[in-house]
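**Q** Residues per chain, in single letters:
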Amino acid sequence: GENVEQHPSTLSVQEGDSAVIKCTYSDSASNYFPWYKQELGKGPQLIIDIRSNVGEKKDQRIAVTLNKTAKHFSLHITETQPEDSAVYFCAASMVVAAGNKLTFGGGTRVLVKP
Amino acid sequence: KAGVTQTPRYLIKTRGQQVTLSCSPISGHRSVSWYQQTPGQGLQFLFEYFSETQRNKGNFPGRFSGRQFSNSRSEMNVSTLELGDSALYLCASSSGLSNTGELFFGEGSRLTVL
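Going down the list, the protein sequences come from chains A and B.
Residues in the first sequence are numbered consecutively from 2, following our numbering.
Residues in the second sequence are numbered consecutively from -13, following our numbering.
Isolated chain A (complex conformation):
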């Protein structure tokens, strides 16, 4: 089955700096790569996703890049703010008519210091 590795497990950045989280996946059939943000006491919330037919996607201060050949994808957060402090999870799945199940990475705890 799919295996997703995520690094680093913790990341501390100064407010205004950039944060980068990297993930690798094992199943070349995976075609959907979402990123979720989980704040304390809440469930994960989708912040951005990318599909295998796209190499990069941006949404304001966040961007995701995908390298299908190397089977890795990354999350980039620019101009970090204290509200970006949370746990971030990458995931991979194969979205098909028969439903999808996400395989998550181990998570990255991001702390943005003011």
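Errors might be hidden in some of the hints.
Claimed, not checked - Each computed DSSO-like pair below joins lysine-lysine, with the alpha-carbon atoms no more than 27 Å apart:
| # | chain 1 | residue 1 | chain 2 | residue 2 |
| --- | --- | --- | --- | --- |
| 1 | A | LYS43 | B | LYS(-1) |
| 2 | A | LYS58 | A | LYS69 |
| 3 | A | LYS58 | A | LYS38 |
| 4 | B | LYS43 | A | LYS72 |
| 5 | B | LYS43 | A | LYS38 |
| 6 | A | LYS72 | A | LYS114 |
| 7 | B | LYS43 | A | LYS43 |
Hints in this document: simulated from the structure, not taken from any laboratory.
Given the structure is predicted, the values throughout are model-derived calculations rather than measurements.
Chain B: place on chain A using the hints.
**A** Using the frame of chain A, we list chain B on its own:
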């Protein structure tokens, strides 16, 4: 639009007991997935239900079961509880249609097994 609702939010059980958790998806969503979140294993997929049928299953023992009702509400049951079952159980709903990967998570049911 109401989000995903999980009940109960917190519960304490003892080893050997069984527990039932409930999930009400977003109105109109037909797919409900369940995930187990623990500090050691991260987020792990349990199963997915779509239109009252189990569509995908993770690698959990048969003590973990679920079902979905005609109104898309779902329940999961864990029998013969073990200490290692202590976790946050997250429910996520989606439209269930192909090429629509986003999952909307509830805030979870935190189970403590003593």
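**Q** For each hint given before, does the structure comply? Return the numbers of the non-compliant ones in rising order.
**A** When the structure is compared with the hints, only number 6 turns out to be violated.
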